[in-house]
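Novice: Given chain P's structure and the hints, the job is docking chain A onto it.
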Amino acid sequence: MDHEKDGHGHHIIPLKVYWAVFGMLIFLTVVTVLSAYVDLGGLNVPLALAIAGVKATLVVLFFMALKYDKKVNVMIFSIGLLFVLVFIGFVLLDTLYRGEFDPILQGTVAEQQVSERALEVRRDSIDVLQGAVDTSGVTQ
Amino acid sequence: MSKVGHTAVADGHPAHLQHHFVNSEQQFDAAKMGMWLFLVTEILLFCGMFVAYTVYRAWHPEVFQAASVLLDRVWGGVNTVILLTSSLTVALSIRSIQVGNQKWLVRNLILTVVLAFGFLIVKYFEYTHKFHLHIFPGENYAYEGLDMMYVPIFFSIYFVMTGIHGFHVLVGIGVLSWIAVRASRGAFSPEYYTPVEVSGLYWHLVDIIWIFLFPLLYLI
Chain P
2 MDHEKDGHGH HIIPLKVYWA VFGMLIFLTV VTVLSAYVDL GGLNVPLALA IAGVKATLVV
62 LFFMALKYDK KVNVMIFSIG LLFVLVFIGF VLLDTLYRGE FDPILQGTVA EQQVSERALE
122 VRRDSIDVLQ GAVDTSGVTQ
Chain A
1385 MSKVGHTAVA DGHPAHLQHH FVNSEQQFDA AKMGMWLFLV TEILLFCGMF VAYTVYRAWH
1445 PEVFQAASVL LDRVWGGVNT VILLTSSLTV ALSIRSIQVG NQKWLVRNLI LTVVLAFGFL
1505 IVKYFEYTHK FHLHIFPGEN YAYEGLDMMY VPIFFSIYFV MTGIHGFHVL VGIGVLSWIA
1565 VRASRGAFSP EYYTPVEVSG LYWHLVDIIW IFLFPLLYLI
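Chains as they are written, first to last, in the numbering used here: chain P, 2 to 141; chain A, 1385 to 1604.
One chain only, chain P, in its complex shape (with noise of 0.2 Å):
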């Protein structure tokens, strides 16, 4: 009969960390759509996402009850968090950059030379053929 026995371990939250995390995550509610209306510039953005953030850890925390869990369900939440800012890191890496470090030449360098050398030469004879037609002109 000892299937039961240790059947009793589950922790239970006191009904006043439920209330008072509820009260914060309603707090922070009003904070955050308060903010929305004063124009803090460039701070609006972080800050309504560091509430969201503090909101979603509460949540998490009490009442998921990660903060009493098992460690490998810790685990596994942290893995997922790690693989979302792994996702939008690795995106933003390349939006937010784009065009910055596109090949703007055409191919290798070896080639990218051999045409500048062409086109100096064709600069140059155009050079002689234009300074002929000026001389040409103004003698006549």
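To be clear, the hints were calculated from the coordinates, so they are not data collected in a lab. Note that CB positions come from ideal geometry on N, CA and C, so glycine has one too.
Only part of the chain A face toward chain P is listed, based on derived beta-carbon distances under 8 Å:
#, residue
1, Lys1416
2, Cys1431
3, Ala1442
4, Val1465
5, Asp1591
6, Ile1595
7, Leu1603
Specialist: Okay, now just chain A, sitting in the frame of chain P:
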């Protein structure tokens, strides 16, 4: 042992214990771990949409600021309070059964379902108001009050994110109603309340997603 189950079987196992588990505690832990794994996949599902939001916001911050003003902060705030309260009631329902209070288990579950319906009703009025103004997602956007490039993309993101979140609320209503019916039939006890626990975890996640959606879409 006999106190545990109303239907304890002959070999001494409580009725809820599956044969492949050593004991109730192991079965509870396995179910809970499975739920956390599922929640991580849910987080990453929504993360894809949060990434879309982040990229377009980073590219066109002024558009997102202009478009977010069209959403009703007050009703968004009311819905936030509704969902937070429903998170509290579902957490309290688990506590009720932990201390063996059947009556409040059922009451808290019903309260949660009622609040979830309240959320969807507010959302319904928000959506119909937007449609009335011809604010539709993507190329169907035809609101004359804000004619700006990329605003349709903001509303694509708004409707898809809140739509998929709303679908999760709908699923939550179904699951929690089913749990409430089982609870009213006395299916749960302080020794066995795993379905209440894991459904509660799911519901909290729906709340957490909204905690981020609300400021991102309505406030900033």
